[in-house]
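**Q** Order-wise, the sequence lines are chains A and B. Each step along the first sequence adds one to the number in this note's numbering, with nothing skipped, and position 182 is 742. Each step along the second sequence adds one to the number in this note's numbering, with nothing skipped, and position 121 is 729.
Just so you know, nobody snuck in bad clues.
With a Cα cut of at most 20 Å, we get these calculated EDC-like pairs of lysine to aspartate or glutamate: (1) B:K1046 / A:D637; (2) B:K620 / A:D700; (3) B:K1046 / A:D617; (4) B:K620 / A:E679; (5) A:K646 / A:D755; (6) B:K1046 / A:D635; (7) A:K725 / A:E630.
Don't read these hints as lab results, they were simulated from the structure. Quantities reported herein were computed from a predicted structural model and do not represent experimental measurements.
In case you want the letters, here they are:
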Amino acid sequence: MSLISLKNICKTYVMGDILLPVLKGISIDVERGEMVALTGASGSGKSTLMNILGCLDRPTSGEYWLDGREISKLDNDGRADVRNQKIGFVFQNFNLLARTTALENVIMPLSYTASHLSEKRMLEMGREMLERVGLGDRMDHEPSRLSGGQQQRVAIARALVNNPKILFADEPTGNLDTKMSDEILRIFLEINERDGVTIILVTHEMDVASRAKRIIKIKDGEVSSDETVSKP
Amino acid sequence: MKYVAVIRSALKAICRNPTRTFLTTLGIVIGIAAVIALMEIGKGAQEALKKNIANMGVNTIRVWPGAVTKSGVRTGSGGRVNLTLTDLNAIAKNCRSVSAVSPVVSVRGQIIYGGQNWNPFFINGVNEKYLDISNWEISDGEPFDARMVARGAKVCVVGQTIVRELFEGENPIGKNLRVQNVTFKVIGVLKQKGANMMGWDQDDVVIMPWTTMKSRLKGAGSTSLTSSNTTTTTTTTTTSSTSDLYTSGVSLYPEASTAVPPVRFVNVDSLIIAAHNPESVEAALAEVTASLRETHKLGPEDEDDFRVRTMTEFSDFLTSQTKSTTNLLLCVAFISLIVGGVGIMNIMLVSVTERTREIGLRMAVGARGSDILRQFLIESIVICLLGGVLGIVLGHSLSMLLGNLMGWPVMTSYAAIALSVGVSVLVGILFGYYPAWKAARLDPIEALRYE
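All chains should be modelled from the sequences, with the hints used to inform the complete structure.
**A** Written out as C-alpha cells, the structure is:
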C-alpha cells in the first residue's frame, strides 16, 4: 500500500454564485521514501493540492488515503492530530516564532501531543534535531540573529522533531540565495536518503525540482505530467 | 499541552510587551484596588459598629406599657401603667432565655451638690442587675447590691457627665447629693459610655435602687417623661413592705422586713430584660410576651397591652445601612472592573490579530482549536491575575494608609482578597473568551498566509 494515495480528488471553491473548480480529479500515489517535486505555474492549483495533502484543507470530493487511513472526511481536530503525528511542514518564509530561541522553536510542536514527554526529554530531542541540521552552536539564538539559511534549517529541525512520515516543503528555497538553497536541498536529500522520510517539495523553480527523483507537474487543476527522473 | 508550559508561554507573550501589558491591566488594577480598599474599610466600619451596638446592649429587651383607649380617647404609648413586680417575677421565673430582669422607673428633676445644681437627663431607679443587663461597668467605687435594693437604701451611682458637671471633676465617692430634698450617698461612678444611637448622652445619669425611688421620690412610677398622661387614673397596688415585692427572695434578706420603709407602688415604668446572648433574643422575646400576656390575663383575642422593643431591629438597620453603602460603592468598583475587562478584551483581540501567523503555524504543526483557545484564554487570565495581585497590594496599602491618616477602623478582609482573585480570573475568562475563540477558529491556511 502506498503511503499517499489520492483518488480523483476535486476541490471547488464557491464564490457567490460562481463555482470555481481548482482541482479537477487528481489521482496520485506516493510510495514511502520517495522525494517528489510538485511543480506548476501559479494558479495551477498546486498550492491547493499541497494544502489538501498537508491535511490543512479538505477536498470537495475524492479519497485521500494516508498511511492506510482515509482522512478526507476528518474534522478539524482529527486533521490537527494527523498533522501533528505524521506530517512536518517547511514554509517559504520560515514561520519561526519571534523572540523565541531556536531550541524552543524546534520543540514547539512536541508540546501539543507529546505531553507525556518530560521537559528535559523534549529539550534533548530538540538539541538532537538542531545538531542534525548543523546548528548545534546556535541553539539559544533567536530567529532575528540567524541568517535565512539558518532560519530555514531551524524550521526543518522543527518539522522533523515529531518524527513525521512525510515532510511538506512549500517553496522552501524561495527566499534564499543559490548557495543557501543548495545547502537546504542537500539537507532534504540527506533526510530522505538516510532517514527514509518521504518528502514532497512544492516549487516552481525547475532546477530545484530536478533534484527530486520524481516530478509531478500540475496544470489547470490536473496532473499534466508525472515522470521519475533517473539519476546517473 | 501541559498547563505549566502554557502558563510559561503566556508569561513570555505578556513580557514581550511590558508597557502594553501594564496599561492593559491598569483597569483591573484600579478596579481590584478599589474593591479591596472599600471592603476593608467597610468591614472595619461594620466591626466598629458591631462593637458599639454590643456596648448598647444588643441582647436587651425593653418592655413598656401599651396604649390604651378609654371612652374613645387614645392615650398613646405608656398611657397605662400596668407593668408590675408580678410581671417581673413571672418573667424571671418562667422565661428560660432570659438571664436577668430589672425594672426601670425614672423621674426628672434637679440634683444638688453643695452650691452646684444640675438637671440630669436620666434619674433611673433600677435593681442590682441593671448594670449587668446594660453591659455597664463601674469605674470607681462600687454598685449597689441586692440588699440595698431590698432595703431601699439612699445610695446612688452617677455617670461621668454628672461627675464633670455637678462635682466639677472631684471624686464624688462618699459625697451626698440631693434629689427633691432627699439625700443620696454616691457609692460608685460609672464608666464612660458616650452618646447612644439617638445622640443622648448616656453618661448624664444617676442610678439608684428603684425601691428607694418609688418610696422616696415624687413622680416616680407613673409616666415621668410624658407628664400629660399622668392624669390618667393609675391603678396601682399598695403594699406595706418589700417582703411583698420580694416574695421569693425575702429569705435572703432577713433584715429586710424591719429596715425597709414602706413601698407603696409596685408598678414600674418599664422593664429591661437581658437574654443570654444576642442569638436568644428572639426566643426571649416570645417567652416574655407569653409571660406578660399570662400575668395580664389577656385572652387569645385580646391585643397586647404592652410594647416590647429589642435593639436587634435597630442594630440590624444600622448594619444594613453600612452594608448597603459599602455595596453601593462596590457596585461602582465592579463597573470599573468591567471597563478594565473590556480593555483586556480589546488588547487580546489586537494580540490575536498580530499573532495570526503564529496561530496558523501552531495549527499547522498540530495544535487543535482547543489548544489555541486555551493558550489565549490562559494568557488573558494571567494578565488579569497579575492585575488582580497588583490591585490587591495597592488596595491593601491604600486602606492601611487611609486607616492611619484618617483613623478609620480598617480590617484586612481575606474574603475580599479571595473574591478579588476570583473576580480577576472571572474577568479574564469572560473577556478573554471571545478573542481566544476567534483565534481558535482561524483557518490555518488563511492564518499562515496572513501578512
